[in-house]
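**Q** Going line by line, the protein sequences match chains A and B. FYI, the numbering used here numbers position 344 of the first sequence as 344, with every residue one higher than the one before it. FYI, the numbering used here numbers position 307 of the second sequence as 307, with every residue one higher than the one before it.
Watch out, some of these pointers could steer you wrong.
To list a few chain B residues with every Cβ distance to chain A over 10 angstroms, as calculated [claimed, not checked]:
#: 1; residue: 79
#: 2; residue: 103
#: 3; residue: 143
#: 4; residue: 147
#: 5; residue: 182
#: 6; residue: 347
Rough simulated footprint, nothing fancy, chain B against chain A, three-plus residues with beta-carbon under 8 angstroms [what the hints assert, rightly or not]:
#: 7; segment: 224–237
#: 8; segment: 291–305
Treat the hints as calculated values from the structure; they're not laboratory data. Ideal Cβ positions, reconstructed from N, Cα and C, are used throughout, including at glycine.
2 protein chains.
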Amino acid sequence: MSTLPPPVHSWVEVPPGSDFTLHNFPLGIARLAGGPPGAVSILGDWIISLDALQELRYLDSLHLPPGIFAQPQLNALLALGAGPGRALRERLQALFSAEGTGALRNYPDSQARILHPAAQAELLMPVSVRNYTDFYASEHHAANVGAMFRGREQALLPNWKHLPVGYHGRASSICVSGTPVRRPLGQMKPGDGPPVFGPSQRLDFELEVAAVIGEGNALGTRIPAGEAERHIAGFLLFNDWSARDIQQWEYQPLGPFLGKNFGSTVSPWIVSPDALAPFRIPGPAQEPAVLPYLHTEGLSHYDLHLEVDLVTAEGVAQVLSRSSLRHLYWSFAQQIAHHTVNGCNLEPGDLLASGTISGPEPESFGSMLEIAWRGERPVLLPDGSSRSFVEDGDTIILRGWGERDGLRVGFGAARAQVLPALS
Amino acid sequence: MSTLPPPVHSWVEVPPGSDFTLHNFPLGIARLAGGPPGAVSILGDWIISLDALQELRYLDSLHLPPGIFAQPQLNALLALGAGPGRALRERLQALFSAEGTGALRNYPDSQARILHPAAQAELLMPVSVRNYTDFYASEHHAANVGAMFRGREQALLPNWKHLPVGYHGRASSICVSGTPVRRPLGQMKPGDGPPVFGPSQRLDFELEVAAVIGEGNALGTRIPAGEAERHIAGFLLFNDWSARDIQQWEYQPLGPFLGKNFGSTVSPWIVSPDALAPFRIPGPAQEPAVLPYLHTEGLSHYDLHLEVDLVTAEGVAQVLSRSSLRHLYWSFAQQIAHHTVNGCNLEPGDLLASGTISGPEPESFGSMLEIAWRGERPVLLPDGSSRSFVEDGDTIILRGWGERDGLRVGFGAARAQVLPALS
Numbered sequence: 001m002s003t004l005p006p007p008v009h010s011w012v013e014v015p016p017g018s019d020f021t022l023h024n025f026p027l028g029i030a031r032l033a034g035g036p037p038g039a040v041s042i043l044g045d046w047i048i049s050l051d052a053l054q055e056l057r058y059l060d061s062l063h064l065p066p067g068i069f070a071q072p073q074l075n076a077l078l079a080l081g082a083g084p085g086r087a088l089r090e091r092l093q094a095l096f097s098a099e100g101t102g103a104l105r106n107y108p109d110s111q112a113r114i115l116h117p118a119a120q121a122e123l124l125m126p127v128s129v130r131n132y133t134d135f136y137a138s139e140h141h142a143a144n145v146g147a148m149f150r151g152r153e154q155a156l157l158p159n160w161k162h163l164p165v166g167y168h169g170r171a172s173s174i175c176v177s178g179t180p181v182r183r184p185l186g187q188m189k190p191g192d193g194p195p196v197f198g199p200s201q202r203l204d205f206e207l208e209v210a211a212v213i214g215e216g217n218a219l220g221t222r223i224p225a226g227e228a229e230r231h232i233a234g235f236l237l238f239n240d241w242s243a244r245d246i247q248q249w250e251y252q253p254l255g256p257f258l259g260k261n262f263g264s265t266v267s268p269w270i271v272s273p274d275a276l277a278p279f280r281i282p283g284p285a286q287e288p289a290v291l292p293y294l295h296t297e298g299l300s301h302y303d304l305h306l307e308v309d310l311v312t313a314e315g316v317a318q319v320l321s322r323s324s325l326r327h328l329y330w331s332f333a334q335q336i337a338h339h340t341v342n343g344c345n346l347e348p349g350d351l352l353a354s355g356t357i358s359g360p361e362p363e364s365f366g367s368m369l370e371i372a373w374r375g376e377r378p379v380l381l382p383d384g385s386s387r388s389f390v391e392d393g394d395t396i397i398l399r400g401w402g403e404r405d406g407l408r409v410g411f412g413a414a415r416a417q418v419l420p421a422l423s
Numbered sequence: 001m002s003t004l005p006p007p008v009h010s011w012v013e014v015p016p017g018s019d020f021t022l023h024n025f026p027l028g029i030a031r032l033a034g035g036p037p038g039a040v041s042i043l044g045d046w047i048i049s050l051d052a053l054q055e056l057r058y059l060d061s062l063h064l065p066p067g068i069f070a071q072p073q074l075n076a077l078l079a080l081g082a083g084p085g086r087a088l089r090e091r092l093q094a095l096f097s098a099e100g101t102g103a104l105r106n107y108p109d110s111q112a113r114i115l116h117p118a119a120q121a122e123l124l125m126p127v128s129v130r131n132y133t134d135f136y137a138s139e140h141h142a143a144n145v146g147a148m149f150r151g152r153e154q155a156l157l158p159n160w161k162h163l164p165v166g167y168h169g170r171a172s173s174i175c176v177s178g179t180p181v182r183r184p185l186g187q188m189k190p191g192d193g194p195p196v197f198g199p200s201q202r203l204d205f206e207l208e209v210a211a212v213i214g215e216g217n218a219l220g221t222r223i224p225a226g227e228a229e230r231h232i233a234g235f236l237l238f239n240d241w242s243a244r245d246i247q248q249w250e251y252q253p254l255g256p257f258l259g260k261n262f263g264s265t266v267s268p269w270i271v272s273p274d275a276l277a278p279f280r281i282p283g284p285a286q287e288p289a290v291l292p293y294l295h296t297e298g299l300s301h302y303d304l305h306l307e308v309d310l311v312t313a314e315g316v317a318q319v320l321s322r323s324s325l326r327h328l329y330w331s332f333a334q335q336i337a338h339h340t341v342n343g344c345n346l347e348p349g350d351l352l353a354s355g356t357i358s359g360p361e362p363e364s365f366g367s368m369l370e371i372a373w374r375g376e377r378p379v380l381l382p383d384g385s386s387r388s389f390v391e392d393g394d395t396i397i398l399r400g401w402g403e404r405d406g407l408r409v410g411f412g413a414a415r416a417q418v419l420p421a422l423s
């Protein structure tokens with residue numbers, strides 16, 4: 001792991017266990033005090049209006065375009081590339097650290113315009129996503145699903161260790177944490193009978209992390225693997241809701257479609273690669289060796305705790321999974337290099353999701369399909385009920401954070417409740 | 001077929017064989033005389049500035065929002081729904097018909113601002129596409145490809161006649177006619193050897209037609225099949241460029257990805273359902289019967305001529321295919337009903353492409369893969385050379401039109417030249 005940054009403290013109270021420490025300063029979009037949506041960051045339980053900071057001239061040294069934070073999405077800011085994002089985070093650390101400048105600390109009038117209680121803010125989609133790609137980058141997940149459908153011997157298909165398998169998902173139905181998801185209707189084929197139509201009986205979540213693209217590449221050009229991380233503005237949690245019965249009947253030969261595109265849930269904060277740097281680790285040995293265009297040097301992965309919680313309509317809570325972002329086979333840099341090697345253009349705000357992240361043990365599996373193993377091992381809840389898939393009224397909450405020697409940086413949560421299907 | 005409209009003539013000269021007759025009035029985006037991009041239509045060889053028409057108050061009766069045509073994409077106009085589009089086309093017919101109002105015919109000063117020679121206009125992408133879906137709706141195409149890879153007995157997979165199979169494509173790399181496409185690099189696996197990296201050796205076109213969505217639907221709601229056509233703003237030609245060797249190695253189990261997303265080519269004009277109404281026909285009998293949510297009444301299909309031309313770098317020309325839009329099994333209304341039955345939201349400007357349109361005879365196949373049957377039947381060109389796939393320097397041109405008793409309505413062309421791969 002890389003060395004830890006020196007300990008720092010803020011003059012703003014940061015509750016113990018907060019994801020939003022002085023080391024984090026993620027970016028998001030919020031509506032504050034009934035105003036228009038704008039760019040924000042967060043420290044402890046306080047939302048920071050970046051537009052107010054800019055208006056009050058606390059960010060002059062960054063030379064950012066006027067009004068860059070007074071927009072309903074972060075795309076224009078992300079398009080500026082990694083440099084301005086890094087400078088902004090460093091400036092926020094200076095403004096809010098107890099050891100830093102007193103420029104804001106000593107001015108309560110400015111603070112009143114800049115700081116807003118998180119409980120009163122409405123967090124919105126941080127980016128307008130034009131293109132969303134879902135990868136399949138966790139070996140344990142791919143092997144689990146493959147074993148269920150093809151047997152252990154052929155669990156991984158022949159291409160899986162040669163390239164990061166991925167496909168295009170639906171951008172329009174990606175929603176921010178807190179937006180309910182409605183159980184989909186669709187066509188399914190139970191057993192040997194004819195196809196039937198009705199509500200999915202096998203609604204599932206998928207625990208994923210997505211990279212958010214900052215600066216893109218022009219159509220016809222490629223991003224080399226060694227330069228790919230420069231194009232990542234940050235990361236967020238991604239729940240790729242899946243209807244397994246719809247997916248199972250539809251997916252041959254062109255891949256998932258209606259089994260996925262009824263909705264996805266993202267966490268509201270984009271956490272920067274700089275903030276996550278203390279949690280970098282080497283990736284797994286890749287054997288067979290990858291082709292040169294997928295080769296990278298150095299620390300390629302992150303060790304971040306990931307957790308999935310279920311809360312029923314009656315308020316019964318259960319941890320469903322404890323996993324880690326370390327359980328990816330393919331790194332995000334490899335995903336980007338592969339995605340663009342044919343000249344495909346990435347754009348600011350694009351999401352590249354990892355695919356379901358499963359560890360080696362059942363406790364670390366990233367979907368109900370795997371946790372309850374196609375319904376063969378239902379999860380028992382504290383009230384005596386059980387789950388093989390997600391039921392109406394259930395809320396699924398993804399969480400993710402890095403923690404090391406007292407330093408914590410996290411994503412917050414990606415939370416969504418399941419509503420019953422419309423008739 | 002529906003009855004023909006009464007014959008009409010324009011006071012603007014429309015050359016014989018023009019796709020852009022007084023019955024058409026498609027919508028596009030163009031840069032005229034070096035000005036900013038704006039909404040246009042076309043009649044014969046004259047581009048019509050819709051913004052100038054509105055500014056000169058020729059469209060007051062339509063009560064459209066001011067500046068609606070002074071935008072770089074048509075999305076906001078399409079979002080208004082079918083009514084305004086219909087009223088606009090009828091108003092253009094009245095303004096430009098020899099029998100109609102003289103309001104424009106008698107005012108050369110207005111004409112000079114409104115009419116621009118097509119040869120001098122730069123046509124741009126007509127819509128900003130956020131989501132592009134590709135279907136697989138032609139039975140002959142699905143059966144041809146299935147027969148090549150699985151044999152004649154299992155050519156169609158079990159789900160094919162029960163639902164319109166589709167998948168999400170890449171929106172960012174869709175380009176307007178005239179934009180070159182660069183041969184993609186990628187990972188392939190020739191024979192039994194290890195995977196290799198290099199330029200695709202099996203570059204192909206796909207002859208498709210795409211529906212452009214006008215008014216969308218809210219996430220969580222569905223568009224019934226019987227109402228689906230109201231959500232179609234129009235149609236355009238779509239070339240879904242494909243690298244067969246990259247696709248073949250990558251596509252299991254999640255579908256096509258880098259074999260497709262390096263580029264697609266669309267024709268610049270959105271032709272309205274009203275303009276194509278004279279060419280409506282019944283669809284094929286669907287057996288087994290579809291589930292009720294896919295059932296529609298009345299004329300579901302269109303009889304439009306489709307053609308693919310090849311022009312080599314040396315200027316040698318060859319017609320590769322003569323097909324028809326009649327060769328779809330699944331109608332666009334069925335595609336929309338299926339796409340939204342799970343609550344997936346369509347948005348203005350979304351493209352729903354048909355998938356490759358192949359007829360029953362080799363002369364009507366819609367891709368080189370089928371025409372040259374995996375290279376087993378190369379196409380001979382007039383200069384003695386041959387083609388199994390598309391070569392560097394080749395230009396592929398899709399054309400499409402309806403023609404009946406002297407009435408013609410067409411799309412123009414979707415044209416792109418292949419550039420050599422970058423090293």
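**Q** If a hint holds in the structure, say so; if it doesn't, say that too.
**A** A quick look at each hint next to the structure:
Every C-beta of chain A lies more than 10 angstroms from that of residue 79 of chain B, the closest at about 14 angstroms, which supports listing it as non-interface. At roughly 41 angstroms from the closest C-beta of chain A, the C-beta of residue 103 of chain B stays outside 10 angstroms, upholding its exclusion from the interface. The Cβ of residue 143 of chain B sits about 13 angstroms from the closest Cβ of chain A, beyond the 10 angstroms cut-off, so the non-interface label holds. The claim that residue 147 of chain B lies off the interface holds: its Cβ sits roughly 13 angstroms from the closest Cβ of chain A, which is beyond the 10 angstroms cut-off.
Against the 10 angstroms criterion, residue 182 of chain B falls within the reach of chain A, whose nearest CB is about 4 angstroms from its own CB. Listed as a non-interface residue, residue 347 of chain B fails to keep its Cβ farther than 10 angstroms from every Cβ of chain A; the least gap is roughly 5 angstroms. Counting residues of the segment 224–237 of chain A whose CB falls under 8 angstroms from any CB of chain B gives 0; the rule of at least 3 is not met. Judged by the Cβ-Cβ criterion of 8 angstroms, the segment 291–305 of chain A is covered by chain B as claimed, because 3 of its residues qualify and three suffice.
Comparing the model with each numbered hint stated earlier shows that hints 5, 6, 7 do not hold.
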